[in-house]
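Chains as they are written, first to last, in our numbering: chain X, 13 to 343; chain Y, 13 to 343; chain A, 0 to 338; chain Z, 0 to 338.
To be clear, the hints were calculated from the coordinates, so they are not data collected in a lab. Backbone N, C-alpha and C define an ideal beta-carbon position, used for all residues, glycine too. Accuracy of the hints is not assured; some may be wrong.
Taking lysine to aspartate or glutamate and the EDC-like style, the derived pairs with C-alpha atoms no more than 20 Å apart in a straight line are [as the list claims (entries may be wrong)]:
hint, chain 1, residue 1, chain 2, residue 2
1, A, Lys208, A, Asp170
2, Z, Lys328, X, Asp333
3, A, Lys56, X, Glu249
4, Z, Lys115, Y, Glu336
5, Z, Lys56, Y, Glu249
6, X, Lys156, A, Glu27
7, A, Lys328, Y, Glu330
8, A, Lys56, A, Asp26
9, Y, Lys156, Z, Glu292
10, A, Lys115, X, Asp333
11, Y, Lys204, X, Glu249
12, X, Lys111, X, Asp317
13, A, Lys115, X, Glu336
14, A, Lys56, Y, Glu336
15, Z, Lys328, A, Glu292
16, Y, Lys156, Y, Asp205
17, Y, Lys101, Y, Asp309
18, Z, Lys328, X, Glu330
19, X, Lys204, Z, Asp55
20, X, Lys39, X, Asp292
21, X, Lys156, A, Asp55
22, X, Lys39, X, Glu330
23, Y, Lys39, Y, Glu59
24, X, Lys204, Y, Glu59
25, Z, Lys56, X, Asp268
26, X, Lys156, A, Glu292
27, Y, Lys39, Y, Glu325
28, Y, Lys278, Y, Glu35
29, X, Lys111, X, Glu336
30, Y, Lys45, Y, Glu59
31, A, Lys328, Z, Asp55
32, Z, Lys115, Y, Asp333
33, A, Lys328, Y, Asp333
34, Y, Lys156, Z, Glu27
35, Y, Lys204, A, Asp55
36, X, Lys101, X, Glu318
37, Y, Lys156, Z, Asp26
Sample of chain X residues lacking proximity to chain A, with all beta carbon distances greater than 10 Å (derived) [stated by the list, open to error]:
hint, residue
38, Glu43
39, Gly54
40, Leu114
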Amino acid sequence: MQPGRAEKRWMYETMLLSRRYEEAIEKIYLEGKQPRFDMAAGPIPGEMHLSNGQEPCAVGVIAHLEAHDTVTATHRPHHQAIAKGVDLKEMTAEIFGKKAGLSGGRGGHMHLLDPRVNFVCSGIIAQGLGPALGAALSRTMQGKPGVAVAFIGEGAVNQGAFHETMNLAALWNLPLIVVVEDNAWGISVSKKDSTAVERNHVRAAAYGIPGHFVPDNDPIAIYDVAGEAIARARRGEGPTLIEIETDRLAGHFMGDAEQYRPEGEKDALFARDPIPRLRDQMLAAGELSAEDVASIDAAVARRIDEAVAFARESPYPEPSDALEHAFHPVT
Amino acid sequence: MQPGRAEKRWMYETMLLSRRYEEAIEKIYLEGKQPRFDMAAGPIPGEMHLSNGQEPCAVGVIAHLEAHDTVTATHRPHHQAIAKGVDLKEMTAEIFGKKAGLSGGRGGHMHLLDPRVNFVCSGIIAQGLGPALGAALSRTMQGKPGVAVAFIGEGAVNQGAFHETMNLAALWNLPLIVVVEDNAWGISVSKKDSTAVERNHVRAAAYGIPGHFVPDNDPIAIYDVAGEAIARARRGEGPTLIEIETDRLAGHFMGDAEQYRPEGEKDALFARDPIPRLRDQMLAAGELSAEDVASIDAAVARRIDEAVAFARESPYPEPSDALEHAFHPVT
Amino acid sequence: MPEEASTRKLTIARAMAEAIAQEMRVDERVFVMGEDIAALGGVFGNTRGLLDEFGDKRIRDTPISETAFMGAATGAAMDGMRPVVELMFVDFMGVCFDAIYNCMAKNVYFSGGSFKVPVVLMTSTGGGYSDAGQHSQCLYGSFAHLPGMKVVSPSNARDAKGLMTAAIRDDNPVVFMYHKGLQGMGWLGTEPAAIVPVPEETFTTPIGKAAVVREGSDVTIVGLAMGVHHGLRAAEQLAERGVSAEVLDLRSLVPLDREAIIASVAKTGRLIVVDEDYQSYGVTGEIIATVVEHDVRLLESSPQRVAYPDVPIPFSRPLEQFCLPNADKIVAAYDAMGH
Amino acid sequence: MPEEASTRKLTIARAMAEAIAQEMRVDERVFVMGEDIAALGGVFGNTRGLLDEFGDKRIRDTPISETAFMGAATGAAMDGMRPVVELMFVDFMGVCFDAIYNCMAKNVYFSGGSFKVPVVLMTSTGGGYSDAGQHSQCLYGSFAHLPGMKVVSPSNARDAKGLMTAAIRDDNPVVFMYHKGLQGMGWLGTEPAAIVPVPEETFTTPIGKAAVVREGSDVTIVGLAMGVHHGLRAAEQLAERGVSAEVLDLRSLVPLDREAIIASVAKTGRLIVVDEDYQSYGVTGEIIATVVEHDVRLLESSPQRVAYPDVPIPFSRPLEQFCLPNADKIVAAYDAMGH
Ligand SMILES: Cc1ncc(C[n+]2csc(CCOP(=O)(O)OP(=O)(O)O)c2C)c(N)n1
Ligand SMILES: Cc1ncc(C[n+]2csc(CCOP(=O)(O)OP(=O)(O)O)c2C)c(N)n1
Ligand SMILES: [Mg+2]
Ligand SMILES: [Mg+2]
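Okay, chain X solo, but in the shape it has when bound (with noise of 0.2 Å):
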């Protein structure tokens, strides 16, 4: 399933968008942390997992999708929020923990929550593969449209949870898409350290369904394999299981010095970054003009300066609030 020119303008500008905008709360995240960094300080406190390098996985899946569509996403999410079309304004109070964020500042950047588009996400590993088995049987069992996709890391395949979700979807035929970004590491902990497989995508035979492999980080290909999925999905054929080869340019969060690297393995992820492989090829192609690259640029930045400027004006929750919204009220 190849994308039309409308798809992949959509996929470079998100792509661009959830780059630049991690770009910029990487900046926030480091104000009042500086010299000496100190994780509950500044304006951002707390751990930040960037998903820089991973927005390929994000786009040509979610491409696929509308807002009735569910995503559960991970401790990485920024990428999978902003191309499921989360409000970026309330997305990004949100992280700064403000009154207007998606839950008044409860959640933070790890608990990033919105019903008007099916999305959530969570920290601890695996644990939104459950929800979306449970959202895909909603889906089914209300006989409306719609499908879910659960995003995990490479690491979180070794999760129990991950063996008994796909076998309850495909038992139960359910319209369920996991997709793992295998961004080769899980921490500090490489996949060959923590894998007994090469590939996970072969990890489909121990539940019948189809499994497969997208190499190279391209969202064009993601594309391809997800389109397939989905439809195959929403006919009623069962889930999927998609691994994605992609890159974690960040460390596993802001402020890991990440020397457990191999010397060099970085270099050669910036080498190949997908977001100027993706705008070079779209260029050579006449898919965009030097122009559209420009105006595009400029669309996102507005975006981001709103958004920050939006989290940056609201005020902090009273915080008394917190102990608002533990349950909601009986009616």
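Following the hints, put chains Y, A and Z with the ligands in place on chain X, whose structure we already have.
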């Protein structure tokens, strides 16, 4: 790998011992529970999971093990405990809740633990897998001989612990053999309603290790496949998954009316009872004589009588002993 | 709860099944999922009859994959369904506790209330029939300690029906803990006093309200589920000695009806807390602290606990019975207070 | 614990690593397993240096498979090894709690003492740095409630070393809970008072003994880990007002040093319990109940709790800080007692 005459005879004797033992337990279990079945009553209260029909799995595998090898078993542990050489008297006293029991009555029939022969079991599905992995790791780290065998049911394969354990065993190349006793049912849920693949041995592919299927509940075939797998593990060549087609001749636990079973299924199972089958095979091959059969019968009956008498005569623990052994004393 | 007398008695098992069935008839978002809940009708009978009426799309047997199906219950609930999901024995919570306490229980908060998570997690508790250390626990305190889940446990069939209906209609996760010894399954032995008249029509019992099940003036006995029946029996024994015991059935641990506890102790001046869960860092400590942090002078003598000692649950009958709460221990606790 | 003065100060992270290293040198059965504990030296620094000294056979990074490796720790321990296993954040317990509470913690009992289960489970706790609801919990009560595991949590590096050594030598599972805010990792912010002189030689701190870290006569402040430092700061503030506060560092929740708590309250007549875990059904209730069930007349005024409220932990700084215990809240609790 074919069993010699002595091994075959041991397998026959051990299967018979296990069967006759459970028949004795079954009768005693019903004492005090008639006319009204009350699980709390009688000399053996609580749940009772019989393993009759599944004896080939125990003997075919454990024929290759020594006392120093580890076995972890499930809620249905008698056949494996007996094959592994757990002291029959102390095991019986434990099942009766007596002071002379393996743990002084603390564990009961789902918690038979014996360090002398490295046997443990538990009441939580798939719980034994991690400890078996740990025993295999321990042997490797200590440079001591010994393999670990984890027995589980086919229902347990869908528990996350299975996946995590298999991956780690393969990754670390440990001497672990996971044996799936596929009796087609997990309580009232049939395998086709719980498992997305027809045969579980294919799941070995998810870990890059050998997976074998042994059909037809045949102790000789099991002996063959298990022998190769265990020899392989002893050579340091890593784990194996073995799936065995076997039969649950009783209900899930005593008191289970099995109304969920399709009509006639039970009759077919009894018709292929593995114990008379092996006996007749060995008689036909001249590996057993009619006298042998009779003397084995008698010896088995004697051992069971002794064990039951021991258990009946053993006193109950002092009630306040309940408070002992939650912790070892600090030395 | 309707006032008219009902003479039809039900077991807790049947009352639970009836509440679920009635909600399923009027709300097609309600469905049931768990191990052996379809053809078998639940190991403890609380889904009996549902498969026949509602079919296998809405009454779903699962594989032994608690992490996946507890997570799925949350995901389905966040997508508009109202799942009732069973964890067969509460003892099994360890294989899926993240899906429960970190996800199901927290997504309302993490979303600032923008998602509803209407899951009922029903699970069996309790021992007394020699099912040993992995099939006899109560773990009331373990669930009640962690925020974001309501926790209820009925002592009788009427409350079971009303609490189940209230739980299904609640937009929050509700953990419905039913004690096996009250369930009304013949093979498990049953407390006859749990089998009470239950109205046929639908009704709710509010979650978070305790009930004074026996009035008294000399001592307050607080308990839940099986503990209430021990308390009532102890109150009988005490009455024979001229001591008037008030028995409070908590019905719900989260929210906890602290006012009811305090009001009763304010009247009696004495407190005994009964709990079949492990004693330390659990229910009994919380109830006692609730009273004394409100006003330490309410108590005329030291409060007493009759709880499960801090050891795993043994199989052997004399060992287990030694550990379990019972009426005699409550009476002894009363005597230990000195008067 | 040796008496001679030591002037070398360590962080808790280094003290833990030193204790492990010293035990590994003398006992080859000791090994370490967990996520990111080898090359990275542990996200919280407590295994730093061990890979270099002991190599990757004894310092083993694991996949993100907590159920398998917690179970493996138990199996290895029952086979004669003495594993030290890390659960990176205590918040992750839900993915592997069965392997911990139902297996590791119970196999000593289930075997009537015939198996030893010498596992040290070390895990990080606590918030305060905006790591939100799945990375900031303490869960002290959740572990302490369930039988078969000892539970310790040091407030300073000396105790961390002594308790770790004692834990490794213990034949039972010991859950070693270290608070991130005390760990001494610069990027996490650190309580300076946790960095104290630590003897270079091996020593043990007995598990189950509380320490009076400040003597006083007017009120007893009981806490553990970070709570001790809040208590000490509050005691300073109270001292300025002429109030003499005694501060008790529990160090261990299981076993709990009930005598030390009672002795202190017998002296002061007033009790404030500080806990960063969720308030209800947890540590504070247990401590209060311990005192009043012993003798309700020990207390001259109602005991107070300064604990984490019963809501998930929010990310936003003002929200989280509102919820956390601190010295001011302890002082306010003292004032609330009325005098
Ligand atoms: C159950 C659980 N275990 C451990 C962690 C700690 N942790 C956070 S991210 C991470 C690595 C995840 O690796 P992967 O799944 O490959 O995702 P990536 O970080 O590469 O995006 C770990 C171990 C966690 N959050 N949850
Ligand atoms: C984690 C967990 N979930 C559920 C149960 C309840 N249970 C006990 S036995 C059983 C069926 C097990 O099936 P299988 O693994 O095939 O073993 P079998 O009983 O057939 O020997 C179930 C669901 C349990 N003990 N533990
Ligand atoms: Mg990764
Ligand atoms: Mg089975």
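Check: Hey, does Leu114 of chain X actually stay past 10 Å from chain A on C-beta?
Finding: With a cut-off of 10 Å, Leu114 of chain X comes too close to chain A, as the shortest Cβ separation is near 7 Å.
Check: Lys328 of chain Z and Asp333 of chain X: Cα distance at most 20 Å?
Finding: holds (18 Å)
Check: Is the Cα-Cα distance between Lys56 of chain Z and Asp268 of chain X 20 Å or less?
Finding: violated (25 Å)
Check: Does Lys156 of chain Y pair with Asp26 of chain Z here, judged by a C-alpha cut-off of 20 Å?
Finding: Holds: Lys156 of chain Y and Asp26 of chain Z sit about 16 Å apart, inside 20 Å.
Item checked: Hinted pair Lys156 of chain Y and Glu27 of chain Z, Cα distance within 20 Å -> Holds. Lys156 of chain Y to Glu27 of chain Z sits at ~14 Å (cutoff 20 Å).
Notebook entry, point to check: Does Asp205 of chain Y lie within 20 Å of Lys156 of chain Y when you go C-alpha to C-alpha?
Noted result: violated (42 Å)
Notebook entry, point to check: Is Lys328 of chain Z close enough to Glu292 of chain A, meaning Cα to Cα at most 20 Å?
Noted result: holds (16 Å)
Notebook entry, point to check: Does Asp55 of chain A lie within 20 Å of Lys156 of chain X when you go C-alpha to C-alpha?
Noted result: holds (19 Å)
Checklist line | Restraint status (C-alpha distance of Lys56 of chain A to Glu336 of chain Y at most 20 Å) | finding: violated (49 Å)
Checklist line | Pairwise hint evaluation, Asp333 of chain X against Lys115 of chain A, where the allowed Cα distance is 20 Å at most | finding: holds (19 Å)
Checklist line | Restraint status (C-alpha distance of Lys39 of chain Y to Glu325 of chain Y at most 20 Å) | finding: Satisfied, since the Cα-Cα distance of roughly 17 Å is no more than 20 Å.
Next item on the list: Sort out whether Glu59 of chain Y lies within 20 Å of Lys204 of chain X, counting only the CA atoms.
Entry: violated (44 Å)
Hints 9, 14, 16, 20, 22, 24, 25, 26, 31, 40 from the list above are not met by this structure, while the remaining hints are.
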